[in-house]
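A.B. asks: Sequence:
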Amino acid sequence: MQETTITTSQLDIACRISGPQNGFPVILLHGWPDDALTWNRTLPALHDAGFRTYVPWLRGCGRTRFREQDIPRNGQLVALARDVLEMADCLGLSRFSLIGHDWGARAAYIASVLTPGRIAGSVALSVGWGTNDPDQTMSYRQMQNYWYHWLMGLDRGAELIRNDRQRFMRYIWSIWNPEWEIPEEEFAVTAQSFENPDWADITLHSYRVRWGLATRSPAFEELEKRVAADPVIHVPTLVIHGGNDPCNDPETSAGKDHLSADYYERHILAGTGHFPQRQNVALVTELAVPFLLRNSS
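Counting with my numbering, you get residues 51 to 347 for the letters of the sequence shown.
Bear in mind the hints are in silico, worked out from the structure with no lab data behind them.
Keep in mind the model is a prediction, meaning the values are calculated, not measured.
By construction, the Cβ of each residue, glycine as well, lies at the ideal position given by its N, Cα and C atoms.
Don't take every hint at face value.
[Unchecked claim] Now the in silico label distances, taken between C-beta atoms and shown as ranges: (1) Gln71 with Ser189: 40 to 50 Å; (2) Ala238 with Asp280: 39 to 49 Å; (3) Glu272 with Thr55: 22 to 32 Å; (4) Ile318 with Ile222: 17 to 27 Å; (5) Met51 with Tyr190: 39 to 49 Å; (6) Leu204 with Glu301: 39 to 49 Å; (7) Ala95 with Asp139: 36 to 46 Å; (8) Thr165 with His317: 23 to 33 Å; (9) Met51 with Pro228: 16 to 26 Å; (10) Ser144 with Val282: 15 to 25 Å; (11) Asn72 with Glu272: 16 to 26 Å; (12) Asp139 with Pro296: 13 to 23 Å.
My request is simple: use the sequences and hints to build the entire structure.
C.D. replies: Structure, rendered in structure tokens:
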């Protein structure tokens, strides 16, 4: 496994590269609150299938750093997608597949909208597309699930994110994975990534800007408009959602076929919470590997 730093317009991205040297490239994008280690159990099956994997830490996580102090710590979802595309440019990847979980899934959807010709296939875990509009219709169940969004809009929530993040995130992990006994060492290793100096600012901006509680950056406005104008995805897409996900209820990924103009497939994993790649990796790879093999050209 090669650990490297990839320099983009705003970031020095920490990334792990592994698998067959000439394998078709797959970029794996972690979610929140998580980090690149979330894919550790997924990588062997991808390597055995012949894929070359690229696993970055997202902005604000782990060893990834902003290149300049005056760059706004922006958590817009389009910013995450642009980071991925710039990283692929730096790596010389003209065509690749994506696997994303949570924030990473949203970044994968957006990248698919913006550059469909570059992406061979996209696997999205625990998130449905088209759920980023602040005026979206939402069930009362999902509004209850998003309690942490609303909390982070308050000074009290910001205080917890800045000064009690480890206990807060451990609580999040416990309630989002009700049927998984979380290995404490696994959480502890990943939680080191939350000590990144930009993690709190990125977290707070990302959740506040989604609901109009923070300012969008002019630097990303063109991308925001492009996604809003034509959100239909022209990339083969596989959605995998835990049937017992208390963060994003499975209803939030249902009925999204109309937002796909290419092959679309969705699976619900019974008894699985918000981290299927950690809790039920065998089921995830059983679905994802054949899908990626069919779309790896």
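A.B. asks: Against this structure, judge whether each hint is valid.
C.D. replies: Hint-by-hint comparison with the structure:
1. Gln71 with Ser189: 40 to 50 Å: 47 Å, holds
2. Ala238 with Asp280: 39 to 49 Å: Given a distance of about 43 Å, which is inside 39 to 49 Å, the answer is holds.
3. Glu272 with Thr55: 22 to 32 Å: Holds: the Cβ-Cβ distance is about 27 Å, inside 22 to 32 Å.
4. Ile318 with Ile222: 17 to 27 Å: Holds - the Cβ-Cβ distance for isoleucine 318 and isoleucine 222, about 22 Å, lies within 17 to 27 Å.
5. Met51 with Tyr190: 39 to 49 Å: 45 Å, holds
6. Leu204 with Glu301: 39 to 49 Å: This hint is violated: roughly 27 Å between Cβ atoms.
7. Ala95 with Asp139: 36 to 46 Å: Because 27 Å falls outside the window, the suggested range is violated.
8. Thr165 with His317: 23 to 33 Å: About 25 Å separates the Cβ atoms of threonine 165 and histidine 317, which means 23 to 33 Å holds.
9. Met51 with Pro228: 16 to 26 Å: 33 Å, violated
10. Ser144 with Val282: 15 to 25 Å: For serine 144 and valine 282 the Cβ distance comes to about 23 Å; the hint holds.
11. Asn72 with Glu272: 16 to 26 Å: Hint violated: Cβ distance 36 Å, outside 16 to 26 Å.
12. Asp139 with Pro296: 13 to 23 Å: 37 Å, violated
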